[in-house]
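Since chain R is already given, all that's left is putting chain D on it; use the hints.
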Amino acid sequence: MEDRFIKFLHSGKLAPIKKWGTYWSLWPVHLVTACCGVELAHTFAAGYDGERIGALNYGIARQTNLIIVEGAITRKMAKILRVTWEQMPDPKFVIVMGACGLKGGLFWNGYNLVKPSDVVPVDFYIPGCPPTPEALLRGIRQLQDKIKSGEAKTSVEFTEKDLGVGKPIKIVPKPKKVSKTATIVVDVPRKVDERTKEIAKKIEDSIKNIKVIAVSKNRVAVNVEKEKMKEVAASLKSLGFDHVKNVNVIDVINEQKFIVEYHLGSYSTKDLMPIILNLYTSISRDDPKLKSLSDIFPSADYMEREMHEFFGVFFEGNPHMGSRFLLAPDSPEFPLRKDFKLEEEVYLR
Amino acid sequence: MGKTDYYDEYEIQVHLEPWSELESLFIPIPSKYVEEIYRSEDFLVLVGPQHPGSGHMRLIVRLHGDIIKEVIPDPGYVHRGMEKLAENRTYIQNIPLVERPAIMDAPNYNLGYVRAIEDALEIDVPERAKYLRTILAELGRIGTHLYDAAILAIFLGHSTGFMYPFAIRELICEAFVRMTGARVTTSFIIPGGVRKDVPENVLKFVYDATFEIERRLKPFERIFIHNPTVFARLRNVGTLSKEDAIRYGLVGPFLRASGVEYDVRKVEPYEVYDRLDWDIVVADECDSYYRFLVRVNEVSQSLKIIRQCIKDIPEGRVISEQISENGKEIRGELFDKLANVVLPKGEYTTLTEAARGSLIYTLVSDGESNLPYRLRIVTPGWLYLRGFMESLKGGRLADLQAIYGSFGYFPPEADR
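Protein sequence lines, in the order shown, are assigned to chains R and D. First residue of the first sequence: 391, per the working numbering; consecutive thereafter. First residue of the second sequence: 176, per the working numbering; consecutive thereafter.
What you were told as hints is all true, and nothing was included just to trick you.
Subject to a maximum C-alpha distance of 25 Å in a straight line, what follows is the list of computed BS3-like cross-link-like pairs (lysine-lysine): (1) R:731 - R:564; (2) R:592 - R:581; (3) R:482 - R:536; (4) R:591 - R:616; (5) R:620 - R:598; (6) R:587 - D:520; (7) R:601 - D:520; (8) R:564 - D:520; (9) R:482 - R:538; (10) D:512 - R:566; (11) R:731 - R:570; (12) R:566 - R:731; (13) D:512 - R:560; (14) R:581 - D:520; (15) D:441 - R:660; (16) R:728 - D:520; (17) D:417 - R:627; (18) D:512 - R:564; (19) R:616 - D:520; (20) D:417 - R:660; (21) D:207 - D:244; (22) R:627 - D:441; (23) R:592 - D:441; (24) R:397 - R:538; (25) R:567 - D:520; (26) R:581 - D:441; (27) R:566 - D:520; (28) D:520 - R:647; (29) D:520 - R:570; (30) R:587 - D:441; (31) R:607 - D:441; (32) R:731 - D:520; (33) R:567 - D:512; (34) D:520 - R:607.
Chain R regions said to be covered by chain D (calculated; three or more residues, Cβ under 8 Å): (35) 429-438; (36) 459-468; (37) 626-634.
Rough simulated footprint, nothing fancy, chain R against chain D, three-plus residues with beta-carbon under 8 Å: (38) 223-233; (39) 342-349; (40) 550-563.
If you are wondering where the hints come from, they were derived from the structure by calculation, not from laboratory data. All values derive from a computational prediction rather than experimental measurement. All C-beta atoms, glycine included, are put in the ideal place defined by N, C-alpha and C.
So here's chain R without its partners, still in its complex pose (with noise of 0.2 Å):
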């Protein structure tokens, strides 16, 4: 019964309008995977308006039959791509946009990067990082005169040259210059005005047991054991620093340690606004432990948690530790610490 359907569909006395119809009304999905959604956008908005060609994003896949794949995949999103692909009705076509959607891109050896096309299968690719919206535009109608003869083609064709002359081609050397005894330390100081020395010496003084280093302008570091972290971070809270900006965590493989950072800012007193305070402590890369300081900082939260699924800190005291928060499940461990390493590139001359 349903095969007998669906060749009436295909090759019935009412397939070409039905043919007609798919071919000005392929609507894509809102699938804004990345950052070529803004000229996606640019496409269907005032300036290219892609809706004179048929085409108009839509915001559910069920009644949808194109998804345009805006660059980059991640792991996380590969499986939301194949479910919105799955959900489309028949028939459905995938045109991937930008270079990382092709072969990468810029973010070919990411850890959390994969292809589309091993995902689902892809009708057209259009390069650029971002293809502007003339090319999209352009893919779009290869994708009608596709559905109306039946075979995809491709736009442009250029001839192909031989561009080594008469020379082989050769890997050169890369230029990058890699430290094999890389040490790292956080405080060196530079530059320093007045103003960043009274603030320094007036942290100093209002805290008991403490070095205060001004860096460079507007730059003061504080170097803690870790169990006094929470100490001191509470104290520093009463002098004014209301909210993180930043937690970092760096791997110093050579020495077995991690530096875990705090950047300490204040909105609420006019003199500190400007001071950045790098709060730091090192600890053992073997136990990498440490009390977390989200509840007297609670927009550390999600930054700590970041930092946890990337290093492996574990910051006591987070509710949240043990569970993946940006990465997929099947993302790689800890992938930037320093033994986690990514392919490398090959020049070539």
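Okay, now just chain D, sitting in the frame of chain R:
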């Protein structure tokens, strides 16, 4: 038939096995939490990841009736691992990389990163380059605010409100094309200046464009900003008091809409912001409408800044003498001059006021490699996510889109 009989007959037997199902949905909450909601009178609503917004994220909303009790964010759908990639590339190879979080705001993203390098190497940037950078950064800010206004309109179901800002954005893109050669991903700012000088007629075009933008904003104001339906959807929705805004570390226009007078451009001026005449836009109303209105007013401040810059811009080099002898263009020698840059040992943190708020780059160098040892990027979207979640609490489910739009939350920016 009695009432109880009716229920007995039609009772639906739902077997509660949340864990296996949750795992297949990737929901990052413990099964206990789901069970607890199932047993209580609350509902669990999953918003997204595929939704008509710009970029994707999932909001796990706990509802009591239609009042939002709690929202758990599930970000990371656009997490491309930039921080790791940056550790494997040289300093200049990272310039195009760091602008990818929010490409409509590319100049601000470049500027923050490049300033960290200049801070480390103590490079003095020529005056003309400083002015050009300021013009670019402000154009990016206008473009991003317009983009967010358009997405807000889409969230409210106001398609005309979407078309107007994008028509204005075409002018910004055209200005970018003429100045830098690219519509969105400009990568124009390099350590020591900008890639090449911008001719006088292009600056004239940008100057004229500012007036055209102002003229085109008028009908948009009538159609969208002062529209009573927009006002009704946004006013007194998603309020976040000043204390909460500070506690949850909000940034940029959203912080200023909660009454905190903090703008990096005033607090720690960079480029030429301290020489120009402009005001911080602050509102005390703390709701979604004023979060939007602050940004609308920032657009006019930015236009003012651009006009002043173009009037005051001096002649001269655009690339520092410490980088290149040719002060007008870096083409042909970018790699030779900058590929082997090695920063002195230490940590360099810069604060930049990107369109959506403070953007923080922390560059850590070991003093020997020509790659960064660690590059930490904290984008405004990531910083205000917590405040965004808090502001949803107590609102109605129907207001979720309005609050989402009023924050202009852009997942590629937040996830990096």
